Structure formats: C-alpha cells, structure tokens
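Residue numbers (our numbering), protein chains in the order written: chain A, 3 to 444; chain B, 60 to 171.
These are calculated hints, taken from the structure and not from any lab test.
Note that the coordinates shown come from a computational prediction; the quantities given were computed from them, not determined experimentally.
None of the hints are false.
Some chain A residues close to chain B (C-beta under 8 Å, calculated; not the full set):
| no. | residue |
| --- | --- |
| 1 | ALA233 |
| 2 | HIS293 |
| 3 | LEU298 |
| 4 | SER302 |
| 5 | VAL338 |
| 6 | THR339 |
| 7 | PRO343 |
The calculated EDC-like cross-link candidates involving lysine to aspartate or glutamate, where the alpha carbons are at most 20 Å apart (straight line), are:
| no. | chain 1 | residue 1 | chain 2 | residue 2 |
| --- | --- | --- | --- | --- |
| 8 | A | LYS229 | B | GLU103 |
| 9 | A | LYS229 | A | GLU425 |
| 10 | B | LYS93 | A | ASP230 |
| 11 | A | LYS294 | B | GLU109 |
| 12 | A | LYS344 | B | GLU109 |
| 13 | B | LYS93 | B | ASP73 |
| 14 | B | LYS61 | B | GLU121 |
| 15 | B | LYS99 | B | GLU109 |
| 16 | A | LYS289 | B | GLU103 |
| 17 | A | LYS223 | B | GLU109 |
| 18 | A | LYS289 | B | GLU109 |
| 19 | B | LYS61 | B | GLU134 |
| 20 | A | LYS229 | B | GLU109 |
| 21 | A | LYS342 | B | GLU109 |
| 22 | A | LYS342 | B | GLU103 |
| 23 | B | LYS149 | B | ASP73 |
Some residues of chain A that are not near chain B, with every Cβ distance over 12 Å (derived):
| no. | residue |
| --- | --- |
| 24 | ASP38 |
| 25 | PRO58 |
| 26 | MET88 |
| 27 | ALA93 |
| 28 | GLU121 |
| 29 | PHE127 |
| 30 | ILE176 |
| 31 | VAL219 |
| 32 | GLY222 |
| 33 | THR238 |
| 34 | LEU321 |
| 35 | LEU325 |
| 36 | THR392 |
| 37 | ALA417 |
| 38 | THR419 |
| 39 | TYR442 |
Glycine included, every Cβ here is placed at the ideal spot set by N, Cα and C.
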Amino acid sequence: MIRKLLTGAGAIGTALMTSTAAFAQEATQAAAPVVDKGDTAWMMTSTVLVLLMILPGLALFYGGLTRTKNMLATMTQIGAAACLAMVIWVAYGYGLAFGPEGNAYIAWGKWFLAGVTPESLADTFSDGFKLPEYVFISFQMTFAAITVALVLGSVVERMKFAAVMVFAAVWLTIVYFPIAHMVWAVGGLFFEMGALDFAGGTVVHINAGVSALVAAVILGKRIGYGKDVMAPHSLTMTMIGTGMLWVGWFGFNAGSALEANGSAALAMINTFVATAAAGLVWMVAEKLAGHKASALGFCSGIIAGLVAVTPAAGNSGPLGAILLGAVSALVCFAAVTILKPKLGYDDSLDAFGIHGVGGIVGALGTAVVYAPAFGGPGDGSTGIGAQLVTQAAAVGATIVWATIGTVIAMYVAKALTGLRVSEEVEREGLDLGEHGERAYNY
Amino acid sequence: MKFIIAIIKPFKLDEVREALGALGVAGMTVTEVKGFGRQKGQTEIYRGAEYSTNMLPKVKVEVATSDDLAPQVVETIQQAASTDAIGDGKIFVLDLVSATRIRTGETGDNAL
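Just chain B, with the same shape it has in the complex (with noise of 0.2 Å):
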C-alpha cells in the first residue's frame, strides 16, 4: 500500500476530487494548510506598513492506496492540480505499513 500526500493550490481540490473519484479512489483526507516552497509570497501594506507573508495557503490532500492503483492517482493528481505555474505544489509518495477499518476490523487493502 501507499500513503500519496498532494499539497495543491487550493481551487484545484475540486477538479483533483473528481478526478480522483473517477478513478475508483474511495476517500480522502483535505486539510488547509501554509507553505512555502520557489512560489514568492506576498505583501499586505496596512496604512504604509509592509507585512510580506512568505506562507501561502495550500490544501493537502491525503489518499491512502493500493500499490497498484498509486501510479494512477499520482499521474491524476499531476495533471488535475497542474497550471502550469510556479505554485502548483508537489506529490510525496510514501509506503504504507498498515491500514485499518475502525467499525469492521478490516485490515490491509479490503480496509481501503
């Protein structure tokens, strides 16, 4: 099994869930997040006073899959989350030790 982290720009969450959805992905976790990464920050100036934040808001998504499906949904991530601009954000890829259905005690990938 995979664990495939994708930190995206946040109006794309919408087009990478169906994406995702119309892969056969059955869930996902998404938390807003702040980053920073070569995109440049921004500045706010309040009455002439300057606060450059260099954190951008970002939403991760989390998707925990079987090894064979993992290619799939990191290509689907890639293409649904791309604009072509500094920004778009990265994918991590990370091996899976266990998975576990909390109302069933299903384990492995029958848990995902």
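Same shape as in the complex, but just chain A (with noise of 0.2 Å):
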C-alpha cells in the first residue's frame, strides 16, 4: 500500500486527505472530493443502529436466553466487553485493521487515531466521494463490538466476568483486526482475492460462531447439561432483543454500503425479505419436526437470516435473498437440534449453531445468489463455481486463524483469571456471585 500523508486541516479542495480505508477505489481524479452530507447523515445513523444491537439488542435477545440467575451476567459481559472493545479500537484497533501501511495480514499506524482530524477523509464505493474519516472509524468500531459480544454466547453462565474481560482483549488483537483487515483493507488477503462481504459474514458472523465454538469446548460443559432444566427464562426479553437486532441490523447492512443509494437500498429490501423468509421457514422446519411452531424458533429463524443475508445484503436479488433466508434456517435448524446434541458440545445459545452456521451458508450461498441467473448484481465475469471457491477459501482461512486465535486468547485468559467460576458460584448464578446483584427482586 502507498502511504498517504496526512497534510494537516487545509481548506476543503485542497488538502487531499484519504484514509487507506476498505472498500478504496483509488482516487484517479484530481478533483476535489466530494463529502456528501447525506451519506454522512445515513452513515452516523447507521453506525447508532449497530450500538442499539449491541445495546440492549443483543443484550436482551442472549439474556432472555439465560437463567434468571445469570441475567445481569450475561448482560453485563456483552456491554463491558463492547466498551472495552470501543476503547481498544481507537487505541490501537483501528490501526491494526486499517493503519496506513501494512501487508496482507495486518496494517499499522494511525496508533491513538494519530493525524486525524475532523478534516480526514475515508473513501467510498464511489470515485470522488468520500465520508469524515471519524464517522467510518465510529463505524468500524461498532462492529469489533458486536462481534467480541456474539462470541460470548456460548460462554455465558460459567465464565468469570474477569476471564471475559481477558479473552475479549486478546480476541479482538490477534483475531478481530488481522481478519478484518484481511477482509475489509486494499491490500488484505480476501480483499485481493475477490472474495464477496458486503457485510461481515465473515468479519463477523464466522469469525464468531467458529470462535464460540472453540471457547466452549475449551471452557467445557456447564454443571447440570443435558440432565438439569435449563429453559430460558424469558422469552419475551429474547423477542424485544431480537426486533432490536433486526431493526439495527439495517445499520449494519445497508450501511455497509458507506453510501446513501441504490446499493444500501438493495440490501434494505434484502435484510427484510432474507428476514421474513427464514423466520416463517424455521417455523415451519419445527412443524415437520413433530414440534410446535414456538417463539423462540421464530426468533432463531430471524436471525439465522439476518446473519445469512449479511454478506449477500449488496450481492443478491430480493428472490436470491429470500432463498438465502429458507435455506439458512433449515440448515441452522439442523444444526441446533440434530448436531449440536450429537456432538455434545455446550454452545449455551448457539452462537455457533447460528452464527457460526448460518455465516458458512452466507458466504457459500453468496456466490450463488450474486449470479445474474438468480436476479444478482453480478455481471456474470466469474462462474458460480469459481466464484464458490473463492469464497470457501475465505470462509476456510477463516475457520482457521479463528480457531487458532480463540485457543491462544481462551489460555491466556485462563493463565491469567483461571477462566470459571467455582461450582458454587455457578449453582448461585453469576449475577450474584460475579456483580452481587439480582435481576430481579420480587
């Protein structure tokens, strides 16, 4: 990557300030860029509508999910370990993933937000357009937040807060930013190999789900799996927290545009009809189960689409998008309740039967709905086929650097905390033996 000098706050016109940020079109033009206050006004907005899924989105949609003995736990774990990374991130995060210089792997510079001013600009999908540098880092940010939060779903209820707190830093490190630059940066690895995310499937969603994985089974059974009752103690709570994620998640996808247009507009629609799709197929998957069509299928169903339509949101039509969702939520629903018993792993609430899942049907989906055949946008240069393995060999790069990264980050946070809980801490709950506190008092 060239480096590119930052010339101090000159007037608008002259001073040709870009970040090397994602998505960069290399500026050919000599003109002046344009900063377009609608995309800057749907960009803030959108990167608000992501802190509202962590916040108290994800939040209430894991802690209904709980005992009412780990609500505040879990709660708690999910907005401490966002603030921590939001902290990290203008530390040190941001340079890591999209610094100034770098290779393939990993970028560098830019430490403390060094040289950026209210001036600095980030770069579009659009030649000449660009948005305040400030407002993609807001927006980056929230996004290494939610995903060290999805990881801990398959932790809850037996990890110390201080484990977390631990396992989250290091996480984020070696994990979160070399893969988000790798996916995300010119330059990074998946970037150059034309792999399509328009979202985060990967960044996020596989990332997450394969990490959960590998921390749970590190981390073992809870006490009492699969003999004590543990049902969710509110799913009421879980269905707020999953509307707040589906609203905020518009934030997430069409954002990801980084433009106010057409393609936000897509994957609009896209996060709704992905949506819609798989939370009336997971239903339907229970009834011929044998099962009842159940609210929390409905809500597993949602986001089983969501997380599925993510890296297509820009890269599928409305029909591809729907076929996305349904095929998404059969395959998560199998996932959850035919796999994960089978295996004996204690994925407390499937961050990896969903995330995990649902992202690998995401990203190998997405080569196949971006095709002009399925009503994509894709022009048709490059086969489904070849386009399929582009993307399993990110998704497989992927599954890699992940379980490798959580292993090392899950050992240091037990060198370094011990990881769980005593026995009867854990039988108490967490609430009171890791906050002092109750959920609720009545």
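Two chains, two frames, a set of hints: combine them into the complex.
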C-alpha cells in the first residue's frame, strides 16, 4: 500500500486527505472529493443502529435465553466487552485493521488515531465521494464491538467476568483486527482474492461463531448440562432483543454500502425479505420435525436469516435473498437440534449453531445468489463455481485463523484469571457470584 | 371442626370461591402449588432441547369449617371444581383440634 500523508487541516479542496480505508478505490481524478451530507448523515445513523444491536438488542436476546440467576451477568459481559472493544479500537484496533501501512494480513499506524482530524476523509465505493474519517472509524468500531459480544453467547453462565475481559482484549487483537484487515482493507488477503462479503458475514459471523464453538469446548459444559432444566428464563425479552437486532441490522447491512444510494437500498430490501423467509421457514421446520411452531424458533429463524444475508446484502437480488434466508433457517435448525446434541458440546446460546453455521451458509450462498441467473447484481464474468471456490477459501482461512487465535486467547485468560467460576458460584448464579446483584427482586 | 384441603385446577378457583361464599363459608386461604397425580405433565422444547415437566400448577384451597357444614363444603367444592377430566384434583378432610381468632381471642366455632 502507498502511504498517504495527512497534510493537516487545509481548506477543503486543497487537502487530499485520504485514509487507506476499506473498500477503497484509488481516486484517479484530480477533482476535489465530495463529502455528501446525505451519505454522512446516513452513516452516522447506521453507526448508532449497530450500537442498538448490541445494547440493548443482543443483551436482551442473549439475556432472555439464560436462566434467571445469570441474566445480569450475561448482559453486563456483553456491555463491558463492547465498551472494551471501543476503547481498544481507538487505541490500536483501527491501526491494526485499517492503518496506513501494512501487508496482506495486518496493518499498522494511526495509533490513538494520530493524525486524524475532522477534515480527514475516508473512501466510499464511489470515485470522488468521501466520508469524514471519524464516521468511518466509528462505524467500523461498532462492528468490532458486536463481534466480540457475539462470541460470548457460547460461554455464558460459567465464565468469570475477569476472564471474559481478558479474552475479549486478546481475541480482538489477534483474531478480529487481522481478519477485518484481510477482508475489508485494500491489500488485504481476502479483499484481493475477490471474496464477496458485503457487510461482514466472514469477519463478524463466521469468525464469532467458530470462536464461540472453540471457546465453549475449552471452557467445558455447564454443570448439569443435559440433566437440569436450562430453559430460557424470558422469551419475551429474547423476542424484544430479536426485534432490536433486526432493526439495527439495517445499519449493519445497508450502512455497509457506505453511501445512501441504490446499493444501500438493495441491502435494505434483502435484509427485510431474507429475514422474513428465514423466520417462517424455521417454524415450518419445527412443524415438520413434529414439534410446535415456537416463539424461540421464530426468533432463531430471524437471526439465522439476518446472519446469512449479511455477506449477500448488496450482492443478491431479493429472490436470491429469500432463498438464502430459507436455506439458512433449515441448515441452522438442523445444526442446533441434531448436530449439537450428537456432538455433545455446550454452546449455551447457539452462537456457533446460528452465527457460525448461518455465516457459512451465507458466505457460500453469496456466490450463488450473486449470479445474474438468480437476479443478483453480478455481471456473470466470474462463474458460480469459481466464485464458490473463492468464497470457500475465505471461509476456510477464517475458520483456521479464528480457531488458533481463540485457543491462544482462552489459555491466556485461563492463565491470568482461572477462566471459570467456582462450582458454588455457578450453582448460585453469576449475577450474585460475580456482580453482587439479582436481576429480579420480587 | 374440620379442616378441608382442596387441590384444584387454577382456573376453577373463582367458581369454587363463589359457590362456597353462597354456602356461607366466611373465609379461605389460597396457595399456588405444583404437583402431580394421574395427569401427565407437559413437554417443553427449546431449540430441540426437551424438558418434560411432570409437576403441574394447581391451586390449594384451605377452609376451616364446623362439623355440620363440612359435608356440604366438600360436595360444593367437588361440584364447582369438576370438569370431568383427569387432573381436576383432590379434596382432603382433617379433624381440626382448635381455632383461635387472634384479634379477640375467641375459640372454637366462634372463631371460624
């Protein structure tokens, strides 16, 4: 990558301050870059929508699925891990993912956002159109924050709060930032391979899902898993969280267009219909399996659809998105109801079963729905088969990287904190044991 | 005096209360309880994880009554709480040794 010097806060039109940010297309014309206020307003809105996904969306979604005694611990872990991610992002995360210098695996520079000013600009997908760099930094920051929070779904109800914080810091550093760089930064490994990942199916969902599985296996099962009743304590809250996640996901997916334009609009319609199809199909799958169509099934289908459409949001037509959502719901349903009990691992809230598996379905499926034959925006120059190979390579590399990095992060957390709460605390609940509070006093 | 304990279906509580009120029963104590008898429990399924609950929610009604009224109380509860289905519950009758009204210190039937 060519290092671009920041020239300070010159008059607009003279200072060509570009970040080396993601999705960049080298600006070739000499004309002054345009900072469109509509784009900027949309991206600020999208950024806050992604925050809504974390707090309170994911916190309620996950919290409702845990037992009464672990409600506060689950929500606090999500909030605290997200906050830690934000602070680390400004300190060195942005530098490692999108810094001015780097190679195919990692970048560096701009520590503590050195040199970034309100006049600094980041690229969009359109030549000559830029965003304030602070907006781009904030938008990407929320992605780092939600990804680390997603991982925690597999380890709740038994991991120490201190261990969660150590794990989050190490995991972000050695897993998230490199993979974000590889997928989204110019010169990144997957970026240059031509892997399609519109809003982060690989970086966020496969990465979080696989890491969650590895972390759950290292941590071990909850006491009483498979014997005691571990039914969700409030599916009402899970349903509320699901709704907030869906609403926030428009910032996540349509915001990933980086502009308020037709590409964002395509991502928006797809985020509606893929999700709707998945919510319905999950309930149909339950019925076919001899059960009742359930509220949790509905919520699970919604999330499976959202996850699958993430890489395809701007890379698919609405018909393709509906197919993708439907397939994702079926595959994720099989993963959590058949695969998980067979393999016997305790992924408490199915972070792997839905985010990992749904993410893989989405990443591979994007190769199919991108093709014009399925109404996708692709020009057909790359065949479905060839694109599928590229997608599979990116998925495979992400799985390997996430697995190795998570093993390291978990053992660092174990060495420093002991990783798991005592049996007594686990039985009494992490709310009292780790935080000294009860979620409900009545 | 008799002490009558009736385990009934929760939604039958209002009917039992009205019927006993019409009979002249002056008071009762009601508790939400769980238990099982011949009625089968329910199965809950969360993402494929099945939990069968064999304890079902019931309401326990406790009534203290004079010896004269006791047979009518039992009959009234039986009729009001019946749906002719398994799980309607049971009625137990115990001898009551004494009763005291705390406010006045009255004892026996006068305290009921």
